[in-house]
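Using the hints, put the two chains back together into the complex; each one sits in its own frame.
Line order of the protein sequences matches chains F and W.
Numbering-wise, the numbering used here comes out as the position in the first sequence, counting from 1, plus 1.
Numbering-wise, the numbering used here comes out as the position in the second sequence, counting from 1, plus 1409.
Hints were generated in silico from the structure; no laboratory data involved.
Remember, it's a predicted structure, so these values are computed and weren't measured experimentally.
Certain hints may be false.
As the list claims (entries may be wrong) - Capping the alpha-carbon separation at 20 Å, the derived lysine to any residue pairs in SDA-like fashion look like this:
| # | chain 1 | residue 1 | chain 2 | residue 2 |
| --- | --- | --- | --- | --- |
| 1 | W | 1453 | F | 33 |
| 2 | F | 97 | W | 1469 |
| 3 | F | 97 | W | 1477 |
| 4 | F | 3 | W | 1469 |
| 5 | W | 1453 | F | 56 |
| 6 | F | 3 | W | 1450 |
| 7 | F | 43 | W | 1420 |
| 8 | F | 97 | W | 1489 |
| 9 | W | 1453 | F | 50 |
| 10 | W | 1424 | W | 1470 |
| 11 | F | 97 | W | 1424 |
| 12 | F | 97 | W | 1420 |
| 13 | W | 1453 | F | 59 |
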Amino acid sequence: QKEVEQDPGPLSVPEGAIVSLNCTYSNSAFQYFMWYRQYSRKGPELLMYTYSSGNKEDGRFTAQVDKSSKYISLFIRDSQPSDSATYLCAMRGDYKLSFGAGTTVTVRA
Amino acid sequence: EAGVAQSPRYKIIEKRQSVAFWCNPISGHATLYWYQQILGQGPKLLIQFQNNGVVDDSQLPKDRFSAERLKGVDSTLKIQPAKLEDSAVYLCASSSLTSGGYYEQYFGPGTRLTVT
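Only chain W is shown next, with the shape it has when bound in the complex (with noise of 0.2 Å):
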């Protein structure tokens, strides 16, 4: 079975341009979730998408990020303008329910931005 898919993998931009960021889940995963990783700390959650409506946006910083999942499959994270405190490592997961009734998140390998 496939993971999680991410790219690009490294990023370098300027302060004030704009970067996308994409993912395509594991196959047949509804769940989809972006995640903000600063360095040295845990994963933030930044957007989850329920095929292809959001459940919870509460922690995107909404005048600069914005997210879509088109068809419920792939999607997209945008920042616009980026600013210095946006370098992380942006992660993308996907998740199924498993037959103990939990929805275990598999996780790509990210995207790292670093914002100059």
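Here chain F stands alone, though its shape is the one from the complex (with noise of 0.2 Å):
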């Protein structure tokens, strides 16, 4: 079993709808997760981090971290063509980060 499932899609969708986005994780001592968003050819870059459980909200994006499930997810309202890309969910315990398989995000104009 992965230390973190995610399901790598495809997804697609119009431009203004929401793209929902999930992680399942099994290692308890996780306590940072982030997001981060990949282009093609390009390096992740860290959307959004959260400490332990609860909702996070920047602009268009909310992270949500529920511990007593082991999972996690994010929401992308309002989503743009720029928006296409992978996402990638990451998880860390003392210092490394795992990561998810990523999920490609395709916004359709």
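See below:
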């Protein structure tokens, strides 16, 4: 069983739709939860991070963490074609990041 | 602020050949990471440096991979000899401690290696 599970998609939505992404994990020691965005042929860039359980909002992006269920989510409101990318969840207990496989999202104009 | 620089961006070699990748982290970042990202997978940590020292190299295939970080700045990752399964993107990242107590990692654009 992988430490972090993420549905690779692909996910295709019309412009303006809400994009919903999620990951599950098995390691109870994870305390920091991150979402990275990776455009084609680029390195990942940090979108949001959350410490422990709860919600965090940043503009059109909302991250949710439910440690009791070992489940994290990312919602993108009013999606734009520029949001088309691969979204990677990542988690950390001590110092090492464990990444999901990434979900490829396409927002159709 | 300049980002993490990597070179070359692309490399094609035959199996059993050698290859080296170079990384220049963001100025002042003490921690440097090398990741391997195979197509369709998330990045996997190969090695982590704190200044000159190795913090974690548990997933580095030491029979063929080596890495060094001289003077605590630039780093090189070498593969010798390469195998077909080494085809991947090799990402370098560096990090600093944020005001929130979190080490945020900044990634370079990666080197795409194809082994034929």
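For the pair we were handed, residue 3 of chain F and residue 1450 of chain W, check the Cα-Cα distance against 20 Å. holds (12 Å)
Taken at face value, is the distance from the CA of residue 1477 of chain W to the CA of residue 97 of chain F at most 20 Å? holds (19 Å)
Checking one constraint from the list: CA of residue 1453 of chain W to CA of residue 50 of chain F, max 20 Å. Satisfied? With Cα atoms ~19 Å apart, residue 1453 of chain W and residue 50 of chain F stay inside 20 Å; holds.
What's the verdict on residue 43 of chain F and residue 1420 of chain W, does the C-alpha distance respect the 20 Å limit or exceed it? holds (16 Å)
Please work out if residue 3 of chain F and residue 1469 of chain W have their alpha carbons no farther apart than 20 Å. holds (19 Å)
Residue 1424 of chain W paired with residue 1470 of chain W [C-alpha distance capped at 20 Å]: Holds, at about 16 Å.
Given the hinted pair residue 1453 of chain W and residue 56 of chain F, is their alpha-carbon gap at most 20 Å? violated (27 Å)
Run the distance test for residue 1453 of chain W versus residue 59 of chain F: straight-line Cα separation, threshold 20 Å. violated (27 Å)
Verify the proposed pairing of residue 97 of chain F with residue 1424 of chain W, using a straight-line Cα cut of 20 Å. Violated: residue 97 of chain F and residue 1424 of chain W sit about 30 Å apart, past 20 Å.
Is residue 97 of chain F within 20 Å of residue 1420 of chain W, Cα to Cα? violated (28 Å)
Proposed proximity, residue 1489 of chain W with residue 97 of chain F (alpha carbon, max 20 Å): violated (26 Å)
Proposed proximity, residue 1469 of chain W with residue 97 of chain F (alpha carbon, max 20 Å): holds (14 Å)
In this structure, the hints that do not hold are numbers 5, 8, 11, 12, 13, in rising order.
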